[in-house]
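There are 2 protein chains.
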Amino acid sequence: MGQQKKNYDQHDIETIRHSAAHIMAQAILRIFSGKGDKIQLGIGPTIENGFYYDIDMNHRLSEEDFARIESEMQAIIKSDLPIERKVLSRSEAIQFFSGQGQELKVELIAGLPEGEEIGCYVQGEFHDLCRGPHVERTSHVPMHFKLLSVAGAYWRGREDQKMLQRVYATCFKKEQELKDYLHFIEDAKNRDHRKLGKELDLFLFDPHAPGSPFFMPKGVVVYNELMNFIRRLYHRFNYQEVITPQVLDAELWKTSGHYANFHDDMFFTNIEEREFALKPMNCPAAMVMFKHFKFSYRELPLRFADFGRLHRYEKSGTLAGLTRVRTFIQDDAHIFLALSDIQREISDLIEMFFMCYRHFKFTDVKVNLSTRPEKRMGEERSWDIAEEALREALAANKCEYKVNEGDGAFYGPKIDFRVADALKREHQLGTIQLDFQLPERFDLKFVNPKGEMERPVVIHRALLGSIERFFGIYLEHIAGAFPFWIAPEQVVIVPVKNDSEAQIAYADELHAELKHKGFRSRVDARNESMNLKTRQVQTAKVPYMLVVGDREVEKGEVSARRYGEKSSKTLSKTELMELFSTLSEEKNP
Amino acid sequence: MGQQKKNYDQHDIETIRHSAAHIMAQAILRIFSGKGDKIQLGIGPTIENGFYYDIDMNHRLSEEDFARIESEMQAIIKSDLPIERKVLSRSEAIQFFSGQGQELKVELIAGLPEGEEIGCYVQGEFHDLCRGPHVERTSHVPMHFKLLSVAGAYWRGREDQKMLQRVYATCFKKEQELKDYLHFIEDAKNRDHRKLGKELDLFLFDPHAPGSPFFMPKGVVVYNELMNFIRRLYHRFNYQEVITPQVLDAELWKTSGHYANFHDDMFFTNIEEREFALKPMNCPAAMVMFKHFKFSYRELPLRFADFGRLHRYEKSGTLAGLTRVRTFIQDDAHIFLALSDIQREISDLIEMFFMCYRHFKFTDVKVNLSTRPEKRMGEERSWDIAEEALREALAANKCEYKVNEGDGAFYGPKIDFRVADALKREHQLGTIQLDFQLPERFDLKFVNPKGEMERPVVIHRALLGSIERFFGIYLEHIAGAFPFWIAPEQVVIVPVKNDSEAQIAYADELHAELKHKGFRSRVDARNESMNLKTRQVQTAKVPYMLVVGDREVEKGEVSARRYGEKSSKTLSKTELMELFSTLSEEKNP
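If you're matching them up, the sequences are chains Z and R in order. Letter 261 of the first sequence, counting from 1, is numbered 261 in our numbering, and no numbers are missing. Letter 437 of the second sequence, counting from 1, is numbered 437 in our numbering, and no numbers are missing.
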């Protein structure tokens with residue numbers, strides 16, 4: 001073990017995982033090709049935290065096969081085969097892999113540029129087309145590996161090609177690292193928002209509307225509380241909400257540039273022989289509104305927030321839970337302001353963004369500044385001013401950030417906010433985009449202090465981004481245990497005895513009082529055991545369970561148990577109401 | 001005058017107005033046909049509160065012509081011409097009106113059934129094709145008439161025909177009736193929601209989205225408060241809100257029957273070669289959700305409320321303000337319940353409906369029960385049960401109602417609620433519709449107390465109906481003077497002196513405090529006169545104006561003036577906050 005450790009310490013983890021991929025392919029060939037199955041190998045690269053191999057075979061691999069494959073891999077590692085690199089000419093390589101029946105490899109070779117050196121790695125009976133590098137011997141791959149899953153994957157990622165079996169696996173240098181990673185995967189699986197969405201009755205999908213969630217009543221409570229929280233931020237930061245149409249004339253999308261740049265992602269419909277599109281974003285509607293008025297500099301910055309429902313085309317195959325959908329609402333806003341006000345506005349925005357993310361307990365926030373891309377509109381001078389204003393605002397707010405050169409939108413530079421969730425996975429949420437183009441295209445103007453007509457600048461910005469996607473990310477972040485203010489059910493009241501009229505009457509009365517105060521409460525007086533009811537409240541992750549027995553009825557008290565805590569606390573009714581009022585204060589930013 | 005009065009007392013007002021229409025046409029012919037204008041008459045029927053005449057002529061009639069026409073009408077009335085009926089054969093009639101150059105009349109005669117007696121009325125030089133009846137002499141028409149407006153109208157109401165000029169006018173038996181009616185029209189004009197919408201910055205329309213309102217920030221405050229009021233009713237009456245997709249597979253609309261019955265009113269779009277429709281109603285989506293679960297009778301009635309945005313085609317020509325739009329949100333809900341629970345549920349609904357309308361000060365509510373129409377789906381037995389349950393619930397609630405035989409929906413009977421507004425104009429708002437058909441079509445079932453699968457009944461119901469349309473109706477009802485709880489701006493704070501730092505600081509501080517408490521407040525410290533500011537606050541119909549001078553700053557008071565009142569009241573800050581808190585309590589049902 002000491003010897004092995006030393007050997008793989010000298011290699012980086014990428015090289016080790018790459019070699020592990022070869023060993024896995026070798027093991028699969030050994031086990032299954034004997035049985036008349038013609039196995040063809042595709043590609044086997046490393047990915048973040050592991051590797052995979054794409055394989056074409058008749059036998060449908062499943063988790064039941066994993067132990068055998070892993071044990072064969074151990075055997076290959078133990079047998080300490082040397083891993084050797086051979087260089088072949090193009091024709092030699094084609095001849096060799098044809099002879100092995102590896103036609104996918106032959107296809108890959110055919111795709112390589114003429115004259116390129118063709119590398120091949122050999123370990124025992126196993127040959128693979130590969131650039132390398134690899135470890136020197138199979139024993140240099142540590143035993144801390146694990147097969148994870150199998151999924152379908154099109155050959156070369158193209159839907160017109162055949163479907164292969166992609167076997168995912170991972171490998172680490174240290175046993176503890178593997179354990180931690182497997183624990184992480186297990187945790188992520190349990191937090192999967194699609195799983196939690198079903199378990200907690202939050203949302204569902206139906207084939208009649210691909211990529212378009214149906215939110216169940218409990219999901220809508222969360223959805224509306226998210227929107228209302230954003231509305232409270234709006235009230236605080238002087239935003240004004242607008243409602244704009246969803247179906248707008250194609251001409252408008254031509255003016256905005258979306259028709260040319262975004263056409264394939266839009267849904268169209270014809271009305272009275274005019275072409276209309278369902279809006280994929282709110283921007284042009286905001287421009288139209290602004291243009292209806294002759295605003296004065298005194299009224300700027302004007303902040304129009306729009307919770308309009310958007311529709312964008314995504315291929316059926318790519319749709320996934322709430323994170324990849326065809327319809328969503330953004331908490332977006334369009335800010336119209338004078339060039340000279342950009343820096344101050346961006347400063348306010350940065351404050352607002354951090355306030356928002358802190359509220360949802362996203363404490364690890366990374367900021368990126370994306371600058372002018374190659375394909376862009378507008379004058380260089382505008383780009384200079386815009387990028388400079390963003391840099392200065394970030395500096396003034398002592399905000400650390402990374403620069404992504406060339407990653408801006410085609411109409412202006414932007415600041416992105418990425419948050420890390422409880423499992424340290426990063427998600428991009430908010431964005432602040434400067435736009436010099438739409439005000440030009442829509443010929444927007446305001447009256448400046450000199451009484452002249454001046455072109456405003458537009459800032460597009462979203463805090464949570466898509467509410468649907470944030471819903472999914474937040475659900476995983478908190479593992480479905482919503483804080484009191486946003487929880488779909490805040491409290492379940494359980495009488496100790498299902499047949500005690502006094503207890504049930506007391507529970508009902510308490511419920512009515514809580515409901516009247518706007519709390520989301522429920523009485524569970526079903527003819528079931530206290531154990532079952534407690535378990536169900538725990539599974540539903542309801543923040544509070546109130547147990548009422550004769551003692552509580554007599555004294556006007558409750559025995560309150562908070563989610564995640566083992567013990568209960570006796571509270572008077574007044575104390576309970578005060579507690580709940582305090583907890584719901586958290587709905588305010 | 002006494003003679004005249006006696007003569008027109010004997011006729012009903014319809015006959016008088018019909019004769020007034022002839023006199024108006026005669027007057028127009030006399031004035032304009034002399035000038036080489038070839039005038040052709042269309043039809044001239046009576047309508048509610050008056051009459052009109054459709055006329056084809058080159059001269060474009062306008063209000064400037066009204067006085068001359070009215071004075072010629074007076075002359076015709078004074079000249080006391082006898083009005084005589086003649087009966088002509090078809091060929092005689094055609095010959096006569098052709099000779100007069102009245103080709104529209106010839107067209108009308110050609111459309112009459114063969115062999116029908118053709119009536120014609122004559123007064124002096126004027127002849128008109130007409131069924132009658134009419135008064136005997138022109139002097140029997142009272143002088144209490146008035147031309148009201150001119151509008152374009154297609155001949156025979158068909159867009160492929162020529163556009164005529166429709167002259168609207170009215171006539172009453174008593175002078176006071178005419179005065180009252182003109183006052184009513186003036187009042188209605190001032191309350192027109194399109195006019196108020198513009199004046200109060202509530203909403204606008206743009207050619208890029210016909211029939212699709214853009215709500216400005218102040219309009220959105222009202223819109224959201226309306227929805228939130230309904231949500232509070234939902235909390236009270238145990239409704240659950242759901243969110244469902246807007247774009248749904250055409251197959252679903254075939255299952256629901258909308259594809260066959262409502263196709264021309266729907267917008268379609270194609271995605272991956274599948275036909276999808278924008279939802280014109282929420283019903284099928286509610287059915288889909290219900291079908292995903294196996295509900296028990298214990299969970300019924302299940303009340304799914306959906307504020308989904310709907311899209312329905314309306315011809316460009318028919319679009320009008322908020323009352324005739326192509327997109328709107330309904331406060332609708334679908335209630336799933338057992339057959340045996342219908343009556344109790346309807347009783348609760350009736351209570352909820354009256355509570356809702358009372359809240360918006362609609363005190364005159366009429367209820368209609370509409371029974372099975374000729375074209376209908378489903379078994380007679382279901383119709384019997386449904387109609388009976390509605391009748392019994394209405395009786396149990398001591399609710400007076402009118403029966404509209406045969407006016408139900410094709411899928412079930414319904415109860416409609418009509419309210420009279422401040423001008424006593426009636427509007428249909430809410431509806432309760434029983435539906436035995438959709439549960440069949442979607443094969444919905446729940447587990448009944450015996451453990452068997454039972455078919456639920458569905459109740460469709462909406463309180464305000466379309467939020468957009470209600471917005472328009474309510475705006476006219478209150479003439480734009482919103483009560484405190486729903487007012488876009490609730491309070492404007494005005495310092496007496498625009499250059500007093502102390503007063504401005506005090507105003508700002510007060511504003512911050514009000515804003516923090518969630519009130520919609522604004523400071524007006526512009527360099528303008530108190531008179532102008534007061535006038536603007538009045539025009540904007542803001543419920544409260546707070547004036548702060550040195551005295552108020554010193555004592556920590558405000559001088560509060562309520563909208564519609566002449567005098568102000570001095571309040572301490574605490575009294576003010578208490579007053580505003582009490583006023584905003586009205587947001588609760």
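If you're looking for bench data, these hints aren't it; they were derived computationally from the structure. Treat each hint with caution, since some may be false.
[What the hints assert, rightly or not] Straight-line C-alpha distance at most 20 Å; calculated SDA-like pairs for lysine to any residue:
hint : chain 1 : residue 1 : chain 2 : residue 2
1    : Z       : Lys515    : R       : Leu61
2    : Z       : Lys517    : R       : His235
3    : Z       : Lys146    : Z       : Arg166
4    : R       : Lys294    : Z       : Asp201
5    : Z       : Lys38     : Z       : Glu103
6    : Z       : Lys515    : R       : Asp206
7    : R       : Lys218    : Z       : Arg535
8    : Z       : Lys517    : R       : Arg232
9    : Z       : Lys587    : R       : Lys315
10   : Z       : Lys517    : R       : Ile185
11   : Z       : Lys198    : R       : Met352
12   : Z       : Lys218    : R       : Arg236
13   : Z       : Lys218    : R       : Lys291
14   : R       : Lys173    : R       : Asp192
15   : Z       : Lys515    : R       : Arg520
16   : R       : Lys218    : Z       : Arg60
17   : Z       : Lys78     : Z       : Glu117
18   : Z       : Lys517    : R       : Phe237
19   : R       : Lys315    : R       : Gln161
20   : Z       : Lys291    : R       : Asp206
21   : Z       : Lys218    : R       : Phe237
22   : R       : Lys86     : R       : Leu108
23   : R       : Lys291    : R       : Met355
24   : R       : Lys517    : Z       : Gly101
25   : Z       : Lys218    : Z       : Arg535
26   : Z       : Lys162    : Z       : Arg231
27   : R       : Lys146    : R       : Leu61
28   : R       : Lys366    : R       : Gly378
29   : R       : Lys445    : R       : Ala250
30   : Z       : Lys254    : Z       : Glu440
31   : R       : Lys398    : R       : Asp421
32   : Z       : Lys515    : R       : Asn588
33   : R       : Lys533    : Z       : Glu103
34   : Z       : Lys291    : R       : Leu108
35   : R       : Lys517    : Z       : Phe126
36   : Z       : Lys78     : Z       : Arg68
37   : R       : Lys366    : R       : Asp384
38   : Z       : Lys195    : R       : Leu108
What you are looking at is a predicted structure, and each value in this text was computed from that prediction instead of being measured.
Comparing the hints with the structure gives:
1. Lys515/Z to Leu61/R: violated, 62 Å
2. Lys517/Z to His235/R: This hinted pair holds, its Cα atoms lying about 11 Å apart.
3. Lys146/Z to Arg166/Z: Holds, at roughly 15 Å.
4. Lys294/R to Asp201/Z: Between Lys294/R and Asp201/Z the Cα gap is close to 13 Å, so the pair holds against 20 Å.
5. Lys38/Z to Glu103/Z: holds, 11 Å
6. Lys515/Z to Asp206/R: The hint is violated at about 43 Å.
7. Lys218/R to Arg535/Z: violated, 48 Å
8. Lys517/Z to Arg232/R: With Cα atoms ~11 Å apart, Lys517/Z and Arg232/R stay inside 20 Å; holds.
9. Lys587/Z to Lys315/R: violated, 44 Å
10. Lys517/Z to Ile185/R: violated, 45 Å
11. Lys198/Z to Met352/R: Violated - the C-alpha atoms of Met352/R and Lys198/Z are around 33 Å apart, more than 20 Å.
12. Lys218/Z to Arg236/R: Judged against 20 Å, a Cα distance of about 16 Å means the pair holds.
13. Lys218/Z to Lys291/R: Distance ~17 Å between Lys218/Z and Lys291/R Cα, so the pair holds.
14. Lys173/R to Asp192/R: violated, 27 Å
15. Lys515/Z to Arg520/R: violated, 27 Å
16. Lys218/R to Arg60/Z: violated, 61 Å
17. Lys78/Z to Glu117/Z: Measuring from Cα to Cα gives roughly 32 Å; hence the hint is violated.
18. Lys517/Z to Phe237/R: holds, 14 Å
19. Lys315/R to Gln161/R: Holds: Lys315/R and Gln161/R sit about 16 Å apart, inside 20 Å.
20. Lys291/Z to Asp206/R: holds, 10 Å
21. Lys218/Z to Phe237/R: Judged against 20 Å, a Cα distance of about 17 Å means the pair holds.
22. Lys86/R to Leu108/R: Holds: Lys86/R and Leu108/R sit about 17 Å apart, inside 20 Å.
23. Lys291/R to Met355/R: violated, 32 Å
24. Lys517/R to Gly101/Z: Given pair Lys517/R, Gly101/Z is violated - Cα atoms ~76 Å apart, limit 20 Å.
25. Lys218/Z to Arg535/Z: This hinted pair holds, its Cα atoms lying about 19 Å apart.
26. Lys162/Z to Arg231/Z: Distance ~49 Å between Lys162/Z and Arg231/Z Cα, so the pair is violated.
27. Lys146/R to Leu61/R: holds, 15 Å
28. Lys366/R to Gly378/R: violated, 28 Å
29. Lys445/R to Ala250/R: Not OK: Lys445/R and Ala250/R at ~23 Å, beyond 20 Å, violated.
30. Lys254/Z to Glu440/Z: Answer holds: Lys254/Z to Glu440/Z is near 14 Å, not above 20 Å.
31. Lys398/R to Asp421/R: violated, 23 Å
32. Lys515/Z to Asn588/R: holds, 13 Å
33. Lys533/R to Glu103/Z: Cα-Cα ~84 Å, so violated.
34. Lys291/Z to Leu108/R: violated, 49 Å
35. Lys517/R to Phe126/Z: Not OK: Lys517/R and Phe126/Z at ~74 Å, beyond 20 Å, violated.
36. Lys78/Z to Arg68/Z: Between Lys78/Z and Arg68/Z the Cα gap is close to 15 Å, so the pair holds against 20 Å.
37. Lys366/R to Asp384/R: The hint is violated at about 24 Å.
38. Lys195/Z to Leu108/R: violated, 70 Å
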